[in-house]
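J.: Residue numbers (the numbering used here), protein chains in the order written: chain A, 1 to 111; chain B, 1 to 617.
Hints listed in this document are in silico derivations from the structure and should not be mistaken for laboratory results. Since this is a predicted model, take the numbers as computed values, not measurements. One or more of the hints may lead you astray.
[Claimed, not checked] Here are the simulated DSS-like cross-link-like pairs (lysine-lysine), alpha carbons at most 25 Å apart as the crow flies:
1. A/97 - B/97
2. B/97 - B/381
3. A/104 - B/97
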Amino acid sequence: MMRNSDNPSLPPDLHDQRVRAALRRYWRSNLRLMAVLLLCWAGVSFGCGILLADWLNQFYLPFTGFPLGFWFAQQGSIVAFVLCILVYCLGMNHLDKRHHAELKAATGIRK
Amino acid sequence: MDTRTWTIIFVGASFALYLGIAWLSRVRDTRGFYVAGRGVPALANGMATAADWMSASSFISMAGLISFMGFAGGVYLMGWTGGYVLLALLLAPYLRKFGHFTVPDFVGDRFDSNVARIVAVLCALFISFVYVAGQMRGVGVVFSRFLEVDINAGVFFGMAIVFVYATLGGMKSITWTQVAQYWVLITAYLTVAIAIAIKLTGNPIPSIAMGSSLQAEYSGGQAAFLLERLNQIHVDLGFDRYTDAFNGSWDKVNVFCVTLALMAGTAGLPHVLVRFYTVPSVRAARWSAMWALFFIAILYLTAPATAAFARYFMITSLNGATVETLPDWYRSWERTGLVLWFDDGDGRVRYSAGRDNEIFRNGALGAAELLEISRSHELWKNSGGDRGEDARTVLLERGLSGPDQDIIVLATPEMAGLASWIIALIAAGGLAAALSTASGLLLVISSAVAHDLYYRILNPAATEKQRLLVGRAVIGVAVVIAGLFGIYPPGFVSQVVAFAFGLAAASLFPVLVMGIFSKRVGTIPAILGMLTGIGFTAFYIIASLYFGMAPWTFGIFSSGLNPQGIGAIGMLLNFVVTLALTPLFAPPNRASQEMVDSVREPEGFGPAAMIEQAVDH
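Make the full structure from the sequences, and use the hints.
T.: Structure representation (structure tokens):
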């Protein structure tokens, strides 16, 4: 039978230890990135926008009339959400690229 | 030209555009019908998702809600946008990698069970029908308010349009009309907000204007921030300060729970999830989640600004006005009953939080009933309180103090003295928001019945032609049912929208997350978890809305848990039950585990079927 690694259009051979290891690394980096971003997500909304909102309201967003807690609840958190997803997209594109390179290296040695 | 003529022109032109797009993107196969041939670019899908997501209530009611809630309005702003972070990070890329057509497809295949599939189908159907009923009603309301036609005629027009483009091109034409609808609705929304922002503060960006100083003509000469001035007015009239956190029943725990339930609910709504099946790759699914939230954020960052501007205009233009000086917008909206004034005899309007308030709304009162109340009030006023009845007491008891929340978006153009064509633009925008959401929901209903029930369970041997025919027929039937809901609105529709979010948060969201992030969770724990989440959430909402059950306090809530927030607890229960039972039951079979492996792989790596050739280690 033709090995999958001989033909790039076929999926990588999961029999291969190095391929499996690369996949595991990819998944772990993904989880790490996710965890960091979910912390930011919860921090701006549940943290600054809700739990700390009444305390933060004594300060103002510099140069504006926004009490800080109010600003987080109605403006800041939404902006932060968009940034969270943007960072995720860029981060995952980077991880994808690294993963492809690792797989190529793993299967390349075999040839 | 008057507003009515402009409205007919704008609405007519936008409808012609939608039909034209539908004709150009008609389809002939199920892949095109359910997932637009998986050929939608990320940017376009983001725009379509945004239009799909922003409903008639986002467009018409949300700014009004925030305007009357002040700080607590952040619940909706954070809840309905924060869900996209969960969607992008936890669900969208994996569902796209899985492929197929629907959300129940994933649940059924991952847990290898038709029972799980049917539970998911029922959730999807229930959520979508609840939602679509409100959209059809929204179409009727916009028609009746701007064109002064019968609500039912409006619903019928809306049904006819959606029927044509949804059956013709399924997901493909729905997607491209949604892109057009996004432009219509965001243009309408921003035009008004920007005009008011400039008028009040001189700054054209609403989000920045909200935190800026008032123009000299409004602040009486001395420099004052808009929000500061608004707070001051609120205090003077006995309202809570606009920017203060946690007033009344919106205590910290309630705000927390409702926000969480709305976030998880957003991430679990089937009509949003299916949109991520339509893009060409996993990478595109991630980007389209980013674009979707970006386009949604444009409206959601503007809504709180519109809310604050309108609040300011409304209070300052009403208070102290006499019959001669009442603003024009009041005159034109008084006819609809969205805002009413019952004078106490001094001839001056007073809009306050106390018993001396004179501003009300008609709510669900009929025209005859309202006439009776106002006649009796005239009698009361003229007789110095001897005969008749004070309408203010009557309406206060019925909880109808203050203007209707819908008036904020509908009347702001007039409040700010904008041209009549801008008001017409709002009508076209409101219709675009309602129709785009309705069509997305109808497609979910169609795919749940035609794909998950008919093809996957009842008749797996169905040919492509049969499947497409059933899909089209179901959309047709669903449009008619939705239209009937719009014409004869069941009294519960507005209340059960909270139910739709609660249910999505307590059922679909947890089961999808655990299906992707755990290889160990098996069929039985997953089904039991879903049923617990649904059962608990349904029980709490039904009992507290219809049987007068006192809200639970769990010992930590000062005022009892709002039914809108119960989905957060239902979701936790679902997670806890499923994860606690998991060790007691068999792990999923090899095929399911390999399916999980395959959805976790980055793009370009094979389908589950190929992995089966691998030997396990």
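J.: Now, for every hint given, state plainly whether the structure supports it.
T.: A quick look at each hint next to the structure:
Proposed proximity of residue 97 of chain A and residue 97 of chain B is supported: the alpha carbons are some 17 Å apart, at most 25 Å. Between residue 97 of chain B and residue 381 of chain B, the direct Cα distance comes to roughly 69 Å. Violation of the 25 Å bound is thereby established for this hinted pair. Distance restraint check for residue 104 of chain A and residue 97 of chain B: the Cα-Cα separation of roughly 21 Å lies within the 25 Å cut-off, and the hinted pair is therefore satisfied.
Going through the hint list in order, the structure does not satisfy hint 2, though it satisfies all others.
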